[in-house]
Structure formats: structure tokens, C-alpha cells
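2 protein chains.
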Amino acid sequence: MLALTPTPPYYAVIFSSLKNSADEGYAEMAEKMEKLAERQAGYLGIESARSGLGITVSYWKDLPSIQRWRENTEHVLAQQMGITKFYEQYVVRVCLVEREYRFNRSSAYDK
Amino acid sequence: MLALTPTPPYYAVIFSSLKNSADEGYAEMAEKMEKLAERQAGYLGIESARSGLGITVSYWKDLPSIQRWRENTEHVLAQQMGITKFYEQYVVRVCLVEREYRFNRSSAYDK
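Here the protein sequences come in this chain order: A and B.
Residue numbers are given in my numbering: position 71 of the first sequence equals residue 789, and the series is strictly consecutive.
Residue numbers are given in my numbering: position 17 of the second sequence equals residue 735, and the series is strictly consecutive.
Just so you know, these hints were derived from the structure itself, not from any lab.
There could be a bad hint or two in this list.
Which copy is meant is left open, so a pair is good if it fits within one copy or across any two.
What the hints assert, rightly or not - Restricting the straight-line Cα-Cα distance to at most 30 Å, the calculated cross-link-like pairs of lysine-lysine (DSSO-like) are:
#1 K753 / K737
#2 K750 / K803
#3 K779 / K753
#4 K737 / K779
#5 K803 / K753
#6 K803 / K737
#7 K750 / K737
#8 K779 / K750
Quick caveat: nothing in here was measured; it's all calculated off a predicted structure.
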């Protein structure tokens with residue numbers, strides 16, 4: 719599902735990662751973190767894909783919401799687990815979304 | 719490969735998409751567009767993953783670079799092809815990258 723984010727401005731956190739071969743417990747952890755993120759104040763949506771490289775983009779109302787999520791206790795534990803067990807490399811980019819354009823085939827042909 | 723982007727600020731274009739089942743010519747087009755993007759002025763890097771949902775994030779020096787890439791003739795044709803042939807839905811988000819954090823296992827254990 720593409721995230722139904724509001725009219726900009728809002729924030730995006732782009733998490734790009736290269737995993738190692740340790741998969742045990744990874745999918746469960748990733749799913750748990752997505753569900754936990756959804757319950758945070760200021761959460762706007764999430765999009766995730768993996769094919770070799772993994773990209774998860776979470777969307778947030780503002781920087782304090784991102785800061786709170788970053789410091790969430792369960793999330794901190796997952797971040798540590800990511801470093802000790804799962805990731806070879808990752809980059810986190812915190813971004814201000816300035817503009818958004820959408821295409822939807824069904825609404826394109828409705829009009 | 720994770721993109722070796724410079725110290726922020728710089729720009730990111732997050733392209734999130736849901737494809738239809740038409741695959742003929744898609745991989746070739748996507749690869750051609752990545753190679754073409756690499757040759758544009760202001761291009762900083764690209765990251766791409768697909769598993770159901772597709773996410774491609776391209777990184778750029780500034781907004782004029784993004785504007786030029788958006789209007790590039792071959793890219794305009796590919797965008798039209800995407801709309802008529804390949805995508806059910808997509809969202810393009812233009813973002814200012816304000817902060818970046820990296821983890822690299824090998825450098826983590828070197829230090």
C-alpha cells in the first residue's frame with residue numbers, strides 16, 4: 719500500500735539498509751516495529767520494499783514525532799539488535815517533504 | 719549499494735509505486751532511466767527496491783537539478799510509458815534531506 723500522506727509539508731525518514739544473511743527473527747522484528755510505529759503520535763504512514771537493498775520510508779507530522787519514535791524503548795532495542803545482528807550497513811535520512819504528486823489509474827480514468 | 723550522498727542538506731525524490739502485471743520492457747526501461755539519471759547534472763545517487771511495492775529514491779544537489787531531470791525528454795517518455803502501461807498507482811515526493819546517519823559494520827569494528 720502506498721501511504722496516504724497529507725498535503726506537504728511533513729517529514730519522511732528514509733531507512734536504506736543492506737542485511738547480512740542472519741534472517742532468524744528479522745521479519746518478526748520488522749513487522750513488530752511497523753505495528754509499533756503506527757501507534758506513535760505524529761505517525762502518518764509507512765512504505766517498505768526489499769530486493770537485496772531494503773528501503774523503508776516512514777512519514778511523520780514533525781521532527782519531535784521522529785525524535786520520540788527514535789527514543790521509544792522497544793525501538794531502541796530493535797535498533798541495537800539491527801546493529802549487532804542484522805545489518806551490514808544502513809543509512810537513515812531525515813527529510814522535509816516539500817511536494818507530493820500522485821497518480822492513480824482508477825481515478826485517472828474516472829475523470 | 720547504498721548511495722554515498724554528501725553531508726546534508728541535499729534533495730531526495732522518493733518514487734513509490736504499485737505496478738500492474740505488465741512486465742514486458744519494464745526492467746529495461748527502469749535500468750535505462752537509472753543510467754540516464756546518473757549522467758544528469760546534480761545527480762548524487764540512487765537506491766531502489768521492489769517487493770510488491772516499489773521504492774526508488776534518487777538524490778540530487780538541488781531543486782533545479784530535479785526539475786531538469788523531470789523535464790528530460792527521454793525521461794518524459796518513460797514517465798508517459800509508466801502511466802499508460804506499467805503503474806497502477808504512484809506517489810512522487812520531493813524532499814529536503816536535513817540529516818543523515820550511517821552505520822557500516824566494517825568501519826564500526828575497525829574503530
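To see whether the hints hold, each was checked on the structure:
no. : hint        : verdict
1   : K753 / K737 : both (21 Å within a copy, 25 Å between copies)
2   : K750 / K803 : within (17 Å within a copy, 36 Å between copies)
3   : K779 / K753 : within (17 Å within a copy, 34 Å between copies)
4   : K737 / K779 : both (29 Å within a copy, 28 Å between copies)
5   : K803 / K753 : within (21 Å within a copy, 34 Å between copies)
6   : K803 / K737 : within (9 Å within a copy, 33 Å between copies)
7   : K750 / K737 : both (18 Å within a copy, 26 Å between copies)
8   : K779 / K750 : within (21 Å within a copy, 35 Å between copies)
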